[in-house]
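> Given next are the chains, with one letter for each unit.
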Amino acid sequence: MAPMLADEFFRLAHHDTTGRPLLHPRATGLGLAAALLGELLAERKIIIQDGRLYPWQRTPPSDALAHTTLDQVLAQPQHTEVRVWLGFLSASAYGSVADRLWRAGHVRPVTGRRLLRRDTVTYVPVDLLTAAGPWIHLTSILRGGEQIGWPEGFLLCLAVATGLDAFLLRDLQPEAVDHCRRLCAAAPAQIGELMAITAAAVGEAVLAYRT
Amino acid sequence: MPASAPAPPAFSPVADTLAADRLGVPQVVFFVMSAATPLTVVAGVVTTAYGATGLLGLPIAFVCVGLLLALFSVGYVSMARKVGNCGAFYSYLSKGLGRPVGVAGAWVALLAYNALQIGLYGAIGAAALPLLEQWFGLAPPWWVIALIAWALTAMLGMLRVDVNGALLAVLLLTEVAVIVVFSAADLIHPAGGSISFTALSPGNLFGPGVGALLVLAVLGSVGFESAVVFSEESKNPQRTVPVATYLSVGAIAVLYTFASWAMTVAVGPDQIVAVAGEQGTEVIFNLAAAHLGASAATIGHTLFTTSIIAAMIAFHNTTSRYMYALGREGVLPRRWGRTSTATGSPHVASLTQSTLGLGVILLYALAGWDPLVTLFYRGGTSGGLGVLLLIAATSVAVVVHFTRHPGGESLWRRRIAPVTAMLTLAVVVALALDNVDVLLGVPPDHALVWAVPVAFVAAAGLGVGWGLTLRTLQPGVYARIGLGAKAALAKAVDARTPNPRHATTDSEQTARSAQTTTPPKELWR
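If you're matching them up, the sequences are chains A and B in order. Reminder that position 110 of the first sequence reads as 109 in numbering that gives the first Met the number 0, one-by-one numbering, no gaps. Reminder that position 88 of the second sequence reads as 87 in numbering that gives the first Met the number 0, one-by-one numbering, no gaps.
Just chain A, same shape as in the assembly:
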């Protein structure tokens, strides 16, 4: 079973009891899009090189959403730029990942109605421990100065690229923060490249912000 990186990033990017988003919507969307590509990367369905992604194995992934993502990649070989795919996937990633969590029984949607605001759907975690899982796992790795595996490492790098590290590293000792930086610097080439593109896209979203 492949790691559900997008689920894990979703949990990391939301408050573990209230389900309130910690990041602004565009950063969350881009982070989830990168995580969806990460799921394909983990199963070696695609490879990333020089800012472009290419299909590698065409056999369907085990998860339905990953399957859909791969189908989209295979159906549109004219688009290879990772930046383009991040932009495309980020448009729908939030809904589809939340939907996947809901189907698996991890979150329940709660519609909030506020005066003069559009209705907002918050996905409230069903189980606190599962929701806090990625956060606990990553901080314990950072505290202990431990080695990191592929899925956790991907998640950690993605947290840094999207700006979630502000929460993740908030209560940690300087050594742990240092460990985080070293882990990210040592990321495998494909992860490093995806993270750089994601970080640039998140930054661009700030610069080209439309008022």
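To be clear, the hints were calculated from the coordinates, so they are not data collected in a lab. Since the structure is predicted, the reported quantities are computational estimates derived from the model, not experimental observations. Glycine included, each C-beta is placed from N, C-alpha and C at the ideal position. It is possible that some hints are incorrect.
Said to hold, decoys possible - Computed cross-link-like contacts, DMTMM-like style, restricted to lysine to aspartate or glutamate with a CA-CA straight-line distance of at most 25 Å: (1) B:Lys81 / B:Glu408; (2) B:Lys81 / A:Glu80; (3) B:Lys81 / B:Glu281; (4) B:Lys81 / A:Asp49; (5) B:Lys81 / B:Glu232; (6) B:Lys234 / B:Asp433; (7) B:Lys81 / B:Asp20; (8) B:Lys234 / B:Asp369; (9) B:Lys234 / A:Asp62.
As the list claims (entries may be wrong) - Partner residues aside, some chain A positions facing chain B, computed with beta carbon under 8 Å: (10) Leu21; (11) His78; (12) Phe166.
Once you have looked at the hints, place chain B on chain A.
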């Protein structure tokens, strides 16, 4: 989009989804024009400029500067596609003239945009006071109003509250409508009974103080440079951004020429300087009250106030984005490159700019200096001079860039237009530096006459110094100057293929490459 260029498919969900969020020419023009806030320029800058410079040539200066900026934009928008952080002049400078010059440009830009932003706090009092008196019978000192506007700007900058795009569009359109109606009314009621074209005579430009007029016209056009920010988000970068830039420059020039000329017609070309000196920003509202009734003046006052607030927010955002981009690159401390996680606003940069603004407001309040002339007018014109210097330097960068990389551009775009613009801008800069006293409205022996240019030269010099320091101490950062948010990408490339020239000399680089080569096996399972 380069990726989709080779094989045009019948239908592509990717292209379709991305296109849905893309901007066309009208949207980009709206973004540019609402940041240019026309009523602030017409009611604020034009009137105080007549009073402070004592010159009549402003309408014709708007025409000349409009043409010049359009010419400059030819090369500017062509080069935009090759620049990482294309909304910022310093990116062009680092690409064309080297990274130390880029840092110098960034420093000058920070100074200039801060002067423009903070200067507006001096005008808000004059704009809002008539309304407060009329509605509530209140007459608070200017700095109370300025502090309220400051708090609003600081809060919006921190929270990044979505100021509704539709609201901005409505405000912009009503501002333009008010300018057009007021100016038309001016033309219907000319002083002395007949419409005078004196202010439109090119002869007004060829007198002493021409440099000052040109800077004022540049000041009015600030904002035109921001259309290129949306290159990557536009429907067709080859067409949308150039067309939007030319349209904005044209619209700004036509509107301001018309409005500033109409003012002279109504007051009388021989009277405008004296009247503007006496009434300040009230000139166009007093005219409107006489021609169209008191309620027209109230509408004008209200929009003038909202226009200044919109300008404050726009310049605040421009300044904090500059700081943010520099922080992302590592040229400024990295804290400035952080965003608030919840709102996505560049909150550290925003807070810095706000603190600076607060300091200046308090300084002027305590010292008792005149807010309209010393803060708004001198702050604005100094900022305008800085922006003019940046535009001129950028024009050189464009010429150098296309000399080195002529590929794919027509002779007009890569050579004729940029060179003509560069030479003309050089003349304008020379004239401007010669007329700083007229520009600022001070006697020729006033300290500001040399202090303002020296401040920009000092900022540029320190910038070059900092750029060279980075080259020796932090080549990783140096390599990323001018890339803005794309700096993150350069880091990845940089780590994989270290620059051999720097790898041998620099300790940080070798330390990092040692880090990336040896420990991965230990750090990652």
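> Give a verdict on every hint.
Here is how each hint holds up against the structure:
no., hint, verdict
1, B:Lys81 / B:Glu408, "12 Å, holds"
2, B:Lys81 / A:Glu80, "17 Å, holds"
3, B:Lys81 / B:Glu281, "45 Å, violated"
4, B:Lys81 / A:Asp49, "18 Å, holds"
5, B:Lys81 / B:Glu232, "15 Å, holds"
6, B:Lys234 / B:Asp433, "43 Å, violated"
7, B:Lys81 / B:Asp20, "23 Å, holds"
8, B:Lys234 / B:Asp369, "47 Å, violated"
9, B:Lys234 / A:Asp62, "34 Å, violated"
10, Leu21, "6 Å, holds"
11, His78, "5 Å, holds"
12, Phe166, "6 Å, holds"
The structure is inconsistent with the numbered hints 3, 6, 8, 9, although it conforms to all the rest.
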